[in-house]
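In the order they appear, the protein sequences are chains Z and F.
The working numbering numbers the first residue of the first sequence as 27 and each following residue consecutively.
The working numbering numbers the first residue of the second sequence as 27 and each following residue consecutively.
These aren't lab readings, by the way, just hints derived from the structure by calculation.
Honestly, I wouldn't trust all of these hints.
No copy is singled out in the list; a pair is fine if it fits within one copy or between any two copies.
[To be verified] Derived BS3-like pairs (lysine-lysine); straight-line CA-CA distance at most 30 Å:
1. 112 / 49
2. 138 / 225
3. 158 / 225
4. 138 / 30
5. 235 / 138
6. 139 / 231
7. 158 / 30
8. 231 / 112
9. 158 / 112
10. 158 / 235
11. 231 / 138
12. 123 / 139
13. 56 / 235
14. 231 / 158
There are 2 protein chains.
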Amino acid sequence: MKRKGILTVVSGFSGAGKGTVMKALMAEYKDTYALSVSATTRNPRPGEVDGVDYFFRTREEFEQMIADNALIEHACYVGNYYGTPKAYVDEQLEAGKDVILEIEIQGALDVKKRFPDTILIFVTPPDADELKNRLVNRGTEDMATINARLSRASQEAEFMNQYDYIVVNDTVPACVENIHSIIENEHDCASRNINFINKIREELKCFSKGE
Amino acid sequence: MKRKGILTVVSGFSGAGKGTVMKALMAEYKDTYALSVSATTRNPRPGEVDGVDYFFRTREEFEQMIADNALIEHACYVGNYYGTPKAYVDEQLEAGKDVILEIEIQGALDVKKRFPDTILIFVTPPDADELKNRLVNRGTEDMATINARLSRASQEAEFMNQYDYIVVNDTVPACVENIHSIIENEHDCASRNINFINKIREELKCFSKGE
Chain Z
27 MKRKGILTVV
37 SGFSGAGKGT
47 VMKALMAEYK
57 DTYALSVSAT
67 TRNPRPGEVD
77 GVDYFFRTRE
87 EFEQMIADNA
97 LIEHACYVGN
107 YYGTPKAYVD
117 EQLEAGKDVI
127 LEIEIQGALD
137 VKKRFPDTIL
147 IFVTPPDADE
157 LKNRLVNRGT
167 EDMATINARL
177 SRASQEAEFM
187 NQYDYIVVND
197 TVPACVENIH
207 SIIENEHDCA
217 SRNINFINKI
227 REELKCFSKG
237 E
Chain F
27 MKRKGILTVV
37 SGFSGAGKGT
47 VMKALMAEYK
57 DTYALSVSAT
67 TRNPRPGEVD
77 GVDYFFRTRE
87 EFEQMIADNA
97 LIEHACYVGN
107 YYGTPKAYVD
117 EQLEAGKDVI
127 LEIEIQGALD
137 VKKRFPDTIL
147 IFVTPPDADE
157 LKNRLVNRGT
167 EDMATINARL
177 SRASQEAEFM
187 NQYDYIVVND
197 TVPACVENIH
207 SIIENEHDCA
217 SRNINFINKI
227 REELKCFSKG
237 E
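Only chain Z is shown next, with the shape it has when bound in the complex (with noise of 0.2 Å):
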């Protein structure tokens, strides 16, 4: 029997390694997952292609997505709209793919709120300093915008009990198999097994009967 596509949102701070973890899962299990691509407003940057980082949007064609209910989730950062198209994703869905999506927390409740069975997975790392320490070694930042990430994380973290599971990206291989075999193991969950369900119903039901 070919399973259904299981929709995933991945969040988590700014810092805790989420990107990388993301392209291992995607380079380890190339056939089981989808990453979803975002539509935009803004402009692409010099090497981004189109439909392969993201839909680049006019704002009359985004509105009009809006208007057609055709983005599972969307938000405006900084004058630009972003967003997930519902097509690609069903579509990958349909064809069995587990779609993995990485959003902001806003963007991963709403889709949880209008798709209920969207499993939500938070990465941190194992505490706050190690997050510190991240963002200072990745040293491309000033303090003041390390601190910032850091009051942002601080605002974020209010929200980590709305999520599913909570990860703990202490090492990108031991985390990345650990999001793999959640997503795995959800795809066991009752809930999404009705139809095998019906069936082995419906064959004992014939044994019953003598059948």
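Fit chain F to the supplied structure of chain Z, relying on the hints for placement.
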């Protein structure tokens, strides 16, 4: 941080191979799991040891346990009481062991009602034909008994959707890994990690205050 154990109830059709799977799970991960020991009023069979196979109790003692609310669940079969003493389960959980309870469906649903963070796992063969084959191939029962078991399985299948997970027992080692992996991942549920979440919230708040 020492994690608290999780209570998991495993049920399944007679002939699903549940007993073999449980034995293999315990052998493979003996430091992780504790198998709950039932109390009963039936007489010990030759070789059965009190506290290992069962806690053997008199009818009066058992009824006192019921009155004291000292059983997680109990039922009466063929004139004897069977039940799960709460104290043993609690001890093991506190010690960080994941406790496995192998009981019938009604007991499983009772446990879930009283302790909603219990995981319910239903073990099933891939299909009804395979269930029948396994019952026939055991060679220990006549066709009337086998048909009675299949008829009972048909009634039990009505409750499958009330379990958290449906695990297909195709081969024993795969089924063991499947169950182990489900329980491991349940340890990552946000609802089971409130202490961790609160800890990281506090740490991040300290950073924000510039401490």
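Hints, verified against the model:
1. 112 / 49: within (22 Å within a copy, 46 Å between copies)
2. 138 / 225: Cα proximity of residue 138 and residue 225: in one copy and across copies (29 Å, 25 Å).
3. 158 / 225: between (52 Å within a copy, 15 Å between copies)
4. 138 / 30: Close inside one copy (18 Å) and across copies (28 Å); limit 30 Å.
5. 235 / 138: neither (43 Å within a copy, 32 Å between copies)
6. 139 / 231: Intra 37 Å, inter 28 Å, cutoff 30 Å: inter-copy only.
7. 158 / 30: between (39 Å within a copy, 28 Å between copies)
8. 231 / 112: Neither, since 39 Å and 37 Å both go past 30 Å.
9. 158 / 112: neither (35 Å within a copy, 44 Å between copies)
10. 158 / 235: between (66 Å within a copy, 14 Å between copies)
11. 231 / 138: This pair counts as between: shortest inter-copy Cα distance 27 Å, intra-copy 36 Å.
12. 123 / 139: Within. Shortest intra-copy distance 22 Å satisfies the 30 Å Cα cut-off; inter-copy 35 Å does not.
13. 56 / 235: neither (46 Å within a copy, 43 Å between copies)
14. 231 / 158: Only across copies: residue 231 and residue 158 sit 13 Å apart there, 60 Å inside one copy, limit 30 Å.
When held up to the earlier numbered hints, the structure conflicts with 5, 8, 9, 13 and fits the remainder.
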